[in-house]
Every structure is written in structure tokens, then in C-alpha cells.
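Enquirer: Spelled out from the first residue to the last, the chains are:
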Amino acid sequence: MHRIWIALLFMVTLSACGGGGGGGGGGGSTGPGPPQIPPPTEAEAGRLLAQATFGATDADIEQVRNSGIEPWIRSQISAPASTPTHRAFLEARLEELRQTTPTAQLSPDVFYDSWWRTAVNSPDQLRQRVAFAYSQIFVISVGSDVIDPRGAGSYYDMLTANAFGNYRDLLQAVTLHPMMGRYLTYLANQKEDAAGTRTPDENYAREVMQLMTIGLFQLNTDGTPKLDLNGRPIPAYTQADISGLARVFTGWSWYSPTPTNTTFFGGARDPDAVIRPMILYSQYHSTSQKSFLGVTIPASTTVDGPGDLKIALDTLFNHPNTGPFVSRQLIQRLVTSNPSPAYVQRVAGVFNNNGAGVRGDMAAVITAILMDPEARSASVASDPAYGKLREPVLRMTHMLRAFNSTSTSGKWQIRSTSANTSLGQSPLNASSVFNFWRPGYVPPATTALGGRGLAAPEFQIVNEVTNAGYVNTISQVVNSGLGVSNDVRLSTSNEILLAEKPDQLADRLNRLLLSGQMSAALRKRVIDSVSSYAVSSTDANQAAQARTNRVKAALLIVMTSPEYLVQK
Amino acid sequence: MRHSPASRRHFLKMMAATAPLGVAAPFALQMATLGSAAAQSAPTGYKALVCIFLFGGNDSHNMVLATDTDSWNRYFLARNTGNDPIALMPPGTPPAAVGSVSPVTARTVTRSTPEFLGGVLPITPQTPNPIPAGTVASTRTFGMHPAMAPLVQGAASPWNAGRLAVVANVGPLITPTTKSQYVARSVPLPLNLMSHNDQQSIWQSGAAEGAQRGWGGLMADTMLAQNGSNSVFTAVSANGNAVFLSGGTAVQYQISTAAQPAIQPTAAVASTLYGSAVAAQALSESIRDTSGLSLFAQDHAAMTRRAMDSAQALNSAFATTAAAAIPAPTAYVNPVTGLVEANTLATQLMTVARSVAAAPVLGVTRQVFFVGLGGFDTHDLQNPTHTNLLGKVAHAMAYFDGVLGSVGGLNMRGAVTTFTMSDFSRTFSSNGDGTDHAWGGHQFIMGGAVRGRDMFGQFPTVGIDRTGFSNPNMSGNILVPTTSVYQLGATLGKWLGLTDAELLTIFPNLANFSRRDLGFMV
Chain A
1 MHRIWIALLF
11 MVTLSACGGG
21 GGGGGGGGST
31 GPGPPQIPPP
41 TEAEAGRLLA
51 QATFGATDAD
61 IEQVRNSGIE
71 PWIRSQISAP
81 ASTPTHRAFL
91 EARLEELRQT
101 TPTAQLSPDV
111 FYDSWWRTAV
121 NSPDQLRQRV
131 AFAYSQIFVI
141 SVGSDVIDPR
151 GAGSYYDMLT
161 ANAFGNYRDL
171 LQAVTLHPMM
181 GRYLTYLANQ
191 KEDAAGTRTP
201 DENYAREVMQ
211 LMTIGLFQLN
221 TDGTPKLDLN
231 GRPIPAYTQA
241 DISGLARVFT
251 GWSWYSPTPT
261 NTTFFGGARD
271 PDAVIRPMIL
281 YSQYHSTSQK
291 SFLGVTIPAS
301 TTVDGPGDLK
311 IALDTLFNHP
321 NTGPFVSRQL
331 IQRLVTSNPS
341 PAYVQRVAGV
351 FNNNGAGVRG
361 DMAAVITAIL
371 MDPEARSASV
381 ASDPAYGKLR
391 EPVLRMTHML
401 RAFNSTSTSG
411 KWQIRSTSAN
421 TSLGQSPLNA
431 SSVFNFWRPG
441 YVPPATTALG
451 GRGLAAPEFQ
461 IVNEVTNAGY
471 VNTISQVVNS
481 GLGVSNDVRL
491 STSNEILLAE
501 KPDQLADRLN
511 RLLLSGQMSA
521 ALRKRVIDSV
531 SSYAVSSTDA
541 NQAAQARTNR
551 VKAALLIVMT
561 SPEYLVQK
Chain B
1001 MRHSPASRRH
1011 FLKMMAATAP
1021 LGVAAPFALQ
1031 MATLGSAAAQ
1041 SAPTGYKALV
1051 CIFLFGGNDS
1061 HNMVLATDTD
1071 SWNRYFLARN
1081 TGNDPIALMP
1091 PGTPPAAVGS
1101 VSPVTARTVT
1111 RSTPEFLGGV
1121 LPITPQTPNP
1131 IPAGTVASTR
1141 TFGMHPAMAP
1151 LVQGAASPWN
1161 AGRLAVVANV
1171 GPLITPTTKS
1181 QYVARSVPLP
1191 LNLMSHNDQQ
1201 SIWQSGAAEG
1211 AQRGWGGLMA
1221 DTMLAQNGSN
1231 SVFTAVSANG
1241 NAVFLSGGTA
1251 VQYQISTAAQ
1261 PAIQPTAAVA
1271 STLYGSAVAA
1281 QALSESIRDT
1291 SGLSLFAQDH
1301 AAMTRRAMDS
1311 AQALNSAFAT
1321 TAAAAIPAPT
1331 AYVNPVTGLV
1341 EANTLATQLM
1351 TVARSVAAAP
1361 VLGVTRQVFF
1371 VGLGGFDTHD
1381 LQNPTHTNLL
1391 GKVAHAMAYF
1401 DGVLGSVGGL
1411 NMRGAVTTFT
1421 MSDFSRTFSS
1431 NGDGTDHAWG
1441 GHQFIMGGAV
1451 RGRDMFGQFP
1461 TVGIDRTGFS
1471 NPNMSGNILV
1481 PTTSVYQLGA
1491 TLGKWLGLTD
1501 AELLTIFPNL
1511 ANFSRRDLGF
1521 MV
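For the protein sequence lines, the chains are A and B, in the order given.
For the first sequence, the working numbering gives the first residue as 1, with consecutive numbering after it.
For the second sequence, the working numbering gives the first residue as 1001, with consecutive numbering after it.
Some clues are possibly wrong.
[As the list claims (entries may be wrong)] Here are the computed lysine to any residue pairs in the SDA-like style, where the Cα-Cα straight-line distance is at most 20 Å:
no., chain 1, residue 1, chain 2, residue 2
1, A, Lys-191, A, Ser-243
2, A, Lys-191, B, Leu-1381
3, B, Lys-1179, A, Ala-240
[To be verified] Anything over 10 Å on all C-beta distances counts as not near chain B; from chain A, calculated:
no., residue
4, Pro-80
5, Leu-227
6, Pro-257
7, Ala-268
8, Asp-314
9, Ala-363
[As the list claims (entries may be wrong)] Coverage of chain A stretches by chain B, computed from C-beta distances (three or more under 8 Å per stretch; other residues unrestricted):
no., segment
10, 461-467
11, 471-478
Since the hints were derived computationally from the structure, they do not count as laboratory data.
It should be emphasised that the depicted structure is a prediction, and the values quoted were computed from it without experimental measurement.
The C-beta atom is built at its ideal place from N, Cα and C for all residues, glycine as well.
Next comes chain A alone, as it looks inside the complex (with noise of 0.2 Å):
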């Protein structure tokens, strides 16, 4: 079944490749040759680009008409990363502000603003929304004392650099990071003593296997656990494999030209350490036996830093978890909360094997994800428990493509949108390495979702205070603008001009805010409020001001909406 889906989407691909996004083409063709398949409508191009992307513009909606959704996934695939870097948005900064206080340090600030000046305006949308999805499973925290905010922008490129690569080159990657080494603590890690009484540091150890590969049970290639006889999931590891595993994390510490005892603990730290992958000091990395996951490298006279960590990420890569854990968690990233095991162990199947033999190949599981019927059927997506809550900034990222916002300093001082009384969250500034949320939170058995036992991971950082923050924060936006002196504003000529037409004004929201899902009571609530705002037909300046309060009035509800706030 897998496989003919794998075939259909072949032949989706090759069609509309030849088509080249031709309208009409989809009306009951009767005769031979390879199924016509129609050009996304608008609705349909709006659910993909809120899965895929920071949100819908009209551009976007367009493209993805004329394209046809496969090849537009291909072409997103195939765009370079796009520039400058936040490592290079970051020292440019720097270099500015050392222009008028040559001690200026960056904060994690610098690194927001870059964030969002990236996810607003950059070509490569998927890309960067697939990174944003690997910085929540491979987490680090740019607010964290230990993380330099430069080293943190160049983590992020990385993860973005290898988006559609290999799952393997991104561990590695992740890996020997040095952001990562400092945020969970394995930099300058050293091996056991001789008397037993220091032990590895066995962070990385257990969290790169509970949180980036394996997770804690025993998988079905479904994601669902295996159970033992007494219907219990089965641990997918012991402490023992996680004190053999942390002496392969041992002796990993700051690159340096010219290492020594000092640089290993940090001092005399080269300039470029904080972005430069970690080196191995064979003097602290341990020689002992170590045994995980049923492997055993045994004991050696020789060190082999490097060996022993081919060894290690190659085991947790080949592992039959990885597939379904990694898959499943994507998916929720992407598209749905609830997958189902049948979409899991389609996508599974991907990452297991894409078709061409290669295991971990992220371009083809990404568009498995998206191309999956579970992704992309109207009537699947109808059902109550479809979809996910919007993060709190893929909300604002989407309000602000949506309407063509600028920062009138060009550096998109948006800064942190932390508070529960703004977003209740900013990017790559999770409180721990479990990130924003769990992927298996249910809310309280006294919810909806709760009730039918559904897991919600992004409701597990709203709340009372937060609800109340967010509406607020969207009207601070629409009256105003976002971050220091309001630096970001929207642009909202468009929907001026439709001012006066509000069912108009209603449809134009609805399809560049709820992929066509507005429910008439909302539409309803829109117009209405819209056409309360009296425009005058003698007194301009007062006309003006009501066409602005009508779209202010029109976007904040719409924004507010229970039902915006569900991607689905």
C-alpha cells in the first residue's frame, strides 16, 4: 500500500512537471495516459503552506497554484539556504555596535531578530520551517548562560544547512557542535579516574537517546511501543547503556590551533570556538570498555576518539526507533498532533529506506510528510480531532507575511516575545532540552482533547495569562507595530482597498489566514463588525480612519479566532 502511494506520487510529479500548472485540466478526462491531476485550489495551497512554511502570502498561494504542490515542495528542496547567515547577521551586528561601544557584547536578542528576519522573508520557507522543526528536537536554548548567542546563530545554521540532507550528517553535526556541548554539558567531558570515583558526565548520553533518536521504549515502525506479555512498554535502553555510551562522549572540548590541558577547560578560548566543531583530547577521552544498545567497543590501549563516536551515532542512526521516532514527532511539528500509526509507518518507511536504498534521507521524508494523504485530504482534515494548536510565533510569523511587514531599522528588532504576556515563547529559547512542550502532552482529562486522551504538545504553554497576552500582543500589532519603537509594522494597503467591500475583505482573510476554513459564524462576526464602522462620504480624513479601523477591527478577530489558532 506504502509502495503504490510512493508510485502515485511519481506519476503526480511527472504530470505536473509536463503541465507546467496549465488551469482546467482536471475535468473528467476519459481517455488514456496518466490521470490529469488539477491545480491546487486556493484552499489547498493554503493548507500546505501552513504546514510548510512560516505562513501564506498571496505570492506564495499564487506559486503554489501554478506549480502544482509536489513540484513546489521540489523546488523548495532544491533552493539554497538562504543569506546572509544569522552567524553573519550576528557579527555584523556586532561590528556595529562595537562602532559606538567598543565593549558591546551580542544578546540573545540579536539572535531573535535575526529569527525573524529570516522566517519572514526568506525564498528557502520550508527549509527554514523544517530547521525550526529540528530545533525543537535537537534543543538548545540561546537565552541559557552557557550558550554564546553567535555560537548560536551558527548552530542554526547548521541545522539549517542540513535540513534536507542526511539524518546522520545532522546528528553528527549536532553532535560535535559546540553549542551543544556546552548546552548539555559533554564539552570538556572527561573519562572515568582510575579509582571509579569520577564518573563521565552521562547528559548527552541519555538525552541523544530519549530526545533526537530513539526515545525511551521499544517501537513498532507504526510509532507505537511494543509491549511486553504484561501488555508494558518495553524500555528501549537501560542505565547501563547510558554510562557505556557517556565514555564515547568523553575528551570533546573547544577547537583550538593549539590544544592544550588549558583549552580542553575553556581557557585561552580561540575566537572562532564557539562555531567551530568540537576536537577530541585523547588525553581525556576514555579508553574503557564501552557497551550500549548491544554494541561493544572494547577496551584499548589506543585512543579513538573519533572511532568510537562513528561507532556510537551509527548504532543510534541504524536503530529500528529512529525511523518512527524521528517521523512521528515531525509530522507533529509539521501538520498534526494525532497521527495516525498507519502515517507514521508510512513516513517510517521513508526514512528507513527512500527508495534508492539510503537510510535518513530528510528530503524524501519531509515530502513524504507533506505529500501524505493524512497531510493533504480535505476530508481527513475535517475531522474534530485534526491538526494542531499554532505555535505562538509560527502565529505572528504568518500575521506578518501575510501582510507584508517591514522593520523601518531593517534589523527587525522584534527581540525576545517570551513573556506570557506577548508570545509565551522565542525561538531556539526553550526552558530545557525537552523543549516548548512534550510531544506526548495530553492536556487535563477535563479538556476536549484531554478527554478523548489526544495528545496537544503546544497546549501545554498556553494558559489563562498567556490567552489573555496573545490577544493583546495582536492588537498592540495591528494598532502599532512589534518590537523596539515598533520597529516591525504591517502593511495592510491591500485589505484598505477592500475596505468598504466587507465580505470581500472577510474572503481575502480567510484565504490568506485560514486556508478557506473561516466557519460562517466567524465570517459573520467579521462582516458585521466591519460594516459597524460608519466611512463618511464627505469628510475624507474621517473615511481614512474608518477604512483603517475596519481592517485593524477585521484582523484582530480574525487573528483571535479559536479557530485560526488551529492548523489543520
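Here the structure of chain A is known, so what remains is to put chain B in place on it, guided by the hints.
Expert: Frame of chain A; chain B shown alone:
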């Protein structure tokens, strides 16, 4: 059908309460009397539990320490090692000046090394803690981390005033579990031991990630009726969503440490939106419209509805004299840097104190609160990090104890019981400059109704197995708990007024433990 009187600990506790063991016993009685007196003076029998969650796994080996020679030597051997040794200094060690060479360790002192802080602060539980197997000592003595002075120094400090107790070596257990049973996996064990998210969840709810009901929320279920029309304020968090507060019917309510934010553009706050009453009304209705098809939309709207319905009532209750008179915490100084920094835990507890003060206005008589502090996952940089965190805990708890002494002129200490929880404690040995995930650890209970200045549960033998020494309490460098979270929770629940039957429903595995009341509440 209550706890087994045959328990040795219980026997010792009874001795302490009835027999004149030095000065300790009369003092205990005195404090017990004070505690109940305070409770009686509280209006309408108000009672509240306050959970302080220390996120990340608090290294309680460096919070409460056994200082008898045998225990101390094993401790120092395990921790006075690595590139940044984390062993605290023995009691009585004076603080060493920065740049000086410590006479204890012969190392040069910096602001972040333990030598700078001086020795652990001696504490003497009024009930002698039994000497466990494996420990060679005639008396067990104890100390607390030097950054926790606000809790233990001065006659008015919570410990010395008899309002602070330690529960030793407590952790998630399904059934009483020995070291050998743990090693052999011969009894049922909690799921995913040593995993942060799961152990946070298990401490709060008894179940791993995905759990939907916590014991604070289940206790709140039994109290909703007593709280009348404002029962929405029964289970209150000042620290984001916590499964601890979710019940079968009780819903966690999030409180802001500032004023409860009103939703500005809605009709409830401003009668018009950009001049239109119609639009303001439409917005107010839209954001709390629970009739959408999507379950996600329904739940979000229900939460917003709660926010809109309650913010005004809460804000006006907070504006009453008693609540507004709760002073803000004094400035917190990081012992390592010497600099003032924010203490979010103290700010959260200020909000809780104001809620306690506002309770009579709201007509609320039973509450469960959740506050928290993160950063305890001290795999590295433990010295500066943990010292600062414990300093914050002590500062915040001492502040809270202080302000509860006068709430609208009433002493509310006896009506509010505060306790700590954490994911787990950490490995006994050092990894060079920090510690890793482990299991059992020590927790605090504080309040006027607490049998304070005492220790409950068996303080374990410490030290890693080596030739000639087998520690019955540690597997590798992990403490196997001797007291269950369920026992701790049930003791608190009983104080709150829950029946045995209710407690067994909330803590089904409590039935596996002979002792259902640890005795730390008066």
C-alpha cells in the same frame, strides 16, 4: 487500619513526643501547640498546600548532609575530586578569602568554590535519626548547605522556630523496594527512572509523561464544593502548566505574578473597539466561542473564557488591603557573585501569599498552589549554579514563612503548608564538576502545622560500594528511596482533611506501604 505502630521510626517519634529527651521534646510540644493555635486563628478553617517544584533534579546530597565522621568521610571522598570539586566544607569551617589557600583542601579559593562559603550549617533534628546499617556512628549529625542560612540561622528562622522539617530519601516507589530488589528488578518500579520529564510527571501524578491527573488536582477535586462560586481558584499555578494541579474536575488556574492581565480590546474592558461597540462585542464573543468544530479550538476558547471570567474578580481581591499589604521580597544577593539578582521563586511565593490574603474576599477556603524554580540539572558548573539556586530557595522560603506570620493581621503559618519536590536527586559521585541523574533525595516541609526542626524517614547510609563496604541504600551512586512520594502526599492530604478512602483513591499504591502518615504534620 492506620499506620503500623510497630514501625521503629514511629516508635521513636512517639518517644520524642511523650518522653523528656533533653530539651527537644518540650520544644516539640510547644511548637505543636503554637501550630494548632495559629490554625485556629485562621478564618473559616482556611488551609492551603504550596508545592515548590525544583526543576531539573535537585542535588539534595549537597542540600542536607550527614556530618558524622563516617558519613562525612565517604561524602568527601566521592565529591572532593575532579577539576572543580563539589564537596562542601565540614561544619565549623570558616569562610575562606578569595585567593587564599584553603587549609581544608589546599586549593586556592575563588568565589565559586565551596571553601569560599565556609562549612555546612549544623542542624540538630529534635528526634535522633536512627543509625542505618552500614553507617558506623553512635549519633548521626547533620548539616545544611551554607547558602541556606536564611532557613536555619537565627532564632526566628523556620528551622529554629520549629516550622521546617526534612523528609529524607524520598522518591517515587510503587512498593517498598530494597537495593537488591531494585538491582534484580524483582519488584515493580516506576517507569523511566532518571528521565527528567517522566520523573517530574511521576512525582506530580504517579504516571509518566502524558499523565492527566496530579495529586494536587485530585485533592482539589474534594475541595471544590467548599470554595463555592469561586472554585476556579482552587488549584492555582504561578509557574505554568503542571499536571500536579489537574484533577478529575478541578482545573488548573494560572495566576500572573503581576496583575492578572485583562484582555484589553474586549467589551469587558473597553466598551468599544476603535469606536465600535459592535466590534468589541464580536471580539469578546469570538475568542471565547467554544462552539467550534475543532477540539483544539474548543479547548482554547474555554481557557480564554476562564481568563475573562476570573481576571476581574481576582484583581479586585488582590487590591484589598490585606493582599496589597503583603510586602515584596527583599533583594536577593547571589552568594557566588555578590550581586543582586531576580529571585523568581520569591516573586511567585509573593503572589501565593497575596492569594492567601485574598481568599476570604473570594470565599475560598481550600487551595493548592504550584510554584517552581528551574536550573537544577547541574551536570556541570555545579558549584556556582547549585549554590545560587539553593540560596534562592532559602531566600524565597524564609520570605514566605515571614510574610505568612501576618496576613491582614492574622498568623496564617499554621494554615499553609509548603513542601518541595524535584525530578530526582543526583548521583552521589562527581563527574568532575557536576552530578548526573539519580533517584531518591531529601525534601523540605515548612509551615506552622509542621513538626519542625526535625527529620522524617531514614536518612540513608552514604557512600559508594567498595571492598569491605556495601551500602544498603545505594545502587552504584544512586539512592534507592526508603520513603515513597505517596506517603509524603498522603500525609499532606490527611492534614488537608482528606479521608483514608480518598487518599487511597488518589494514591492507589499507598496500600503497599504500612505507614500512611509520616508524622510530620501536627
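Enquirer: State for each hint whether it applies.
Expert: Hint check results:
no.: 1; hint: A:Lys-191 with A:Ser-243; result: 11 Å, holds
no.: 2; hint: A:Lys-191 with B:Leu-1381; result: 17 Å, holds
no.: 3; hint: B:Lys-1179 with A:Ala-240; result: 16 Å, holds
no.: 4; hint: Pro-80; result: 35 Å, holds
no.: 5; hint: Leu-227; result: 13 Å, holds
no.: 6; hint: Pro-257; result: 23 Å, holds
no.: 7; hint: Ala-268; result: 16 Å, holds
no.: 8; hint: Asp-314; result: 24 Å, holds
no.: 9; hint: Ala-363; result: 30 Å, holds
no.: 10; hint: 461-467; result: holds (count 7)
no.: 11; hint: 471-478; result: holds (count 3)
Of the numbered hints given earlier, the model fails none.
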